[in-house]
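Take a look at the letters that make up each chain.
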Amino acid sequence: MKTVLVIGGGVTGLKASHELAEMGYNVSLVEKQDYLGGQVAKHKYYKLAPDMRLVSEVLDPVIKNVESNSNIKVHKHSTITALSGNAPEFKVKIKNSKGESEETFGAIVVATGFEHFDPTVKQEYGYSRFKDVVTNAEVEELLNPNGPTKGELKRPSDGKIPKKVAIFQCVGSRDKQVGNPYCCRVGCVVSTKQAIEIKEKYPDTEVYVYYMDMRMFGRGWEELYGKAMEEYEVIFTRGRGAEVTLKNQQLSLRAEETIMDRPIQHSVDMIILAAGQAPGDGTIEAAKILGIKQNEYGYLAPKDDFLSPNESSKAGIFIAGADKGPLDVENCIVEGAAVAAKVASSLK
Amino acid sequence: MSEEVKNPITEKIESTKGGHFYKEIMKDFRIKESLHGCLNCGTCVANCPAAAFYDYSPREVCQMMIEGDEETIEEYMKSKIWNCAQCFSCKYRCPKENSAADIVMTMREIAVREGLAAEALAGYTRIAKLVLTRGNQLAPDMLSPDAFPDWGPRMIELSSKKMEMREELFKGFPGMNVVDRAWAAEDFTIYEMQRIWEESGALEKVGTVFPFLVDIVQDDMEDKKEEMEAKIEAKKAKLAAAGK
Ligand SMILES: Cc1cc2nc3c(=O)[nH]c(=O)nc-3n(C[C@H](O)[C@H](O)[C@H](O)COP(=O)(O)OP(=O)(O)OC[C@H]3O[C@@H](n4cnc5c(N)ncnc54)[C@H](O)[C@@H]3O)c2cc1C
Ligand code: SF4
Ligand code: SF4
Ligand code: SF4
Chain L
1 MKTVLVIGGG VTGLKASHEL AEMGYNVSLV EKQDYLGGQV AKHKYYKLAP DMRLVSEVLD
61 PVIKNVESNS NIKVHKHSTI TALSGNAPEF KVKIKNSKGE SEETFGAIVV ATGFEHFDPT
121 VKQEYGYSRF KDVVTNAEVE ELLNPNGPTK GELKRPSDGK IPKKVAIFQC VGSRDKQVGN
181 PYCCRVGCVV STKQAIEIKE KYPDTEVYVY YMDMRMFGRG WEELYGKAME EYEVIFTRGR
241 GAEVTLKNQQ LSLRAEETIM DRPIQHSVDM IILAAGQAPG DGTIEAAKIL GIKQNEYGYL
301 APKDDFLSPN ESSKAGIFIA GADKGPLDVE NCIVEGAAVA AKVASSLK
Chain D
1001 MSEEVKNPIT EKIESTKGGH FYKEIMKDFR IKESLHGCLN CGTCVANCPA AAFYDYSPRE
1061 VCQMMIEGDE ETIEEYMKSK IWNCAQCFSC KYRCPKENSA ADIVMTMREI AVREGLAAEA
1121 LAGYTRIAKL VLTRGNQLAP DMLSPDAFPD WGPRMIELSS KKMEMREELF KGFPGMNVVD
1181 RAWAAEDFTI YEMQRIWEES GALEKVGTVF PFLVDIVQDD MEDKKEEMEA KIEAKKAKLA
1241 AAGK
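Quick note, the sequences are listed as chains L and D, same order. In terms of my numbering, the first sequence has 274 at position 274, counting the first letter as 1, and numbering is strictly consecutive. For my numbering, count along the second sequence from 1 and bump the result up by 1000.
Rather than coming from a laboratory, the hints here were simulated on the basis of the structure. Just so we're clear, the structure is a prediction, and the values are computed from it rather than from any experiment.
Capping the alpha-carbon separation at 16 Å, the derived lysine to aspartate or glutamate pairs in EDC-like fashion look like this:
#1 L:K176 to D:E1033
#2 L:K176 to D:E1097
#3 D:K1017 to D:E1075
#4 D:K1091 to L:E124
#5 D:K1091 to L:E243
#6 D:K1027 to D:E1109
#7 L:K247 to L:D269
#8 D:K1078 to D:D1055
#9 L:K73 to L:E103
Let the sequences and hints guide you as you build the complete structure.
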């Protein structure tokens, strides 16, 4: 059976769909939003680390490859509601605003991605209590010329450009208090990217990054970190942001400068929370309907992390991208291609 | 001939982990729940009221217990751990769910038992005496404006009319109309309390830090003994009659 269902139209699902279509498969791509591009499109990311390339240079071709390919049928605003049958003859119900229909597929690819961690739970940071405490995803939109502020970093309380910005790393990650002991894997490079973007636009604004470790393991990431320090004078302070209060209408943060061995208070105009990644509702929902295994945090579990990284616990159902755990765009694209190859070899 | 140059870098000598105090602390059931490695992130320190005012750091407490150096542990048991306010903020913020608060609590108990606490606690003699002989130690009189400058100017105004305020607030509660203690406990209540301390072994423990306080309490009890024991017997008889 030469038909494949791909669930999720983020970079991973887009890449997988395109590769499969190129190999001659008929692909149905099901995306629950009315746009393609996943989190990258949803939060209007503007530039991509580490090369500071415009998102449009990467995302537009990936979307165009899908939309212009006659082997791919894109179902926007659609979800799956039921699965029956087994590989290589799955019957899947696809639902959209017009109704429900059943289609038959030889294989299924799940690329349902992640959700941003909601920092409201970390009450001590004051997110949703103090207007000028924002998430890194919100900052992506603020820095985009096509975003709500036309690319100006206007702080939400009064629309002024902040003179002092603090960025808190590891919000909702590496934190047993919220049940997420794992690392978000992109927070460090994303904050470094955002710090540079802010300094590029507003050289007089001071940017402080409060961190435990700068985890710069990706291609070109460490170099970007060096650039942030050397060329842009971003200040990296080793200590985790601990608490935010409002004093005389100004945000005040507490942390320990662990290298200097001293607790500090620091008044700033805006605080950006590098909120981590969490498995989204869409991923959890898909796992339930398809009956595939999740790991202890809710991410999709490969059959074998080393030997079959793109196979789910069920034959004929494949997994890829950020729904397996935090991942950056570059590696999501690699995952999309890898899963396509695995599907092709299983269907031949 | 050139003289031998001394290497100025501290050499990390053979670990002294596994010493007596270390073992005693690690043996306590609370430690297992209180130390799970440490990210050195400083969240505990940033939230710690003691770290804000003293040379004290809950992060150091955790790191010290991980390293387990006997000399450092002994040093801490004698001095630094007594700065902790036991507010438990560190425990509820630590991303590794450590609790410097529980570690300190454990270390304090062991320090008392092992006779390491006397010097650090010397300043608390008066408070200990008040608790042991009166049943409470905090008194409105202690809250003088100069002792708590951070309470602000209104404290000066308020502290000048403590007695009037207490009389007004606690009408009908005679034991509360005092300012040299929080409330005036009855002799019988104090006697009962002292007996509990004696029989539970708490008094003996206090004696390891404040030996003379044991005599004071025992003299205090002796003076009232006949009268109070009679009262206790009467109370027992009354309870028995009521079938309880
Ligand atoms: C603030 C921020 C900035 C970032 N910046 C960078 C950067 O500069 N460089 C970089 O390399 N990476 C960056 N990343 C990482 C990047 O966002 C991810 O790598 C990428 O979005 C993951 O792609 P994906 O396709 O796996 O998942 P997603 O983008 O989450 O896409 C999943 C798609 O599936 C859909 N879906 C979910 N469930 C269902 C369902 N049940 N049915 C149908 N559809 C469903 C969703 O609507 C979504 O469209 C950043 C991340 C954050 C948090
Ligand atoms: S990637 Fe960086 S910000 Fe994210 S959890 Fe890891 S160390 Fe923290
Ligand atoms: S319990 Fe002690 S160590 Fe912990 S925050 Fe309070 S004062 Fe600091
Ligand atoms: S908060 Fe926890 S992990 Fe962080 S330094 Fe303190 S004890 Fe270590």
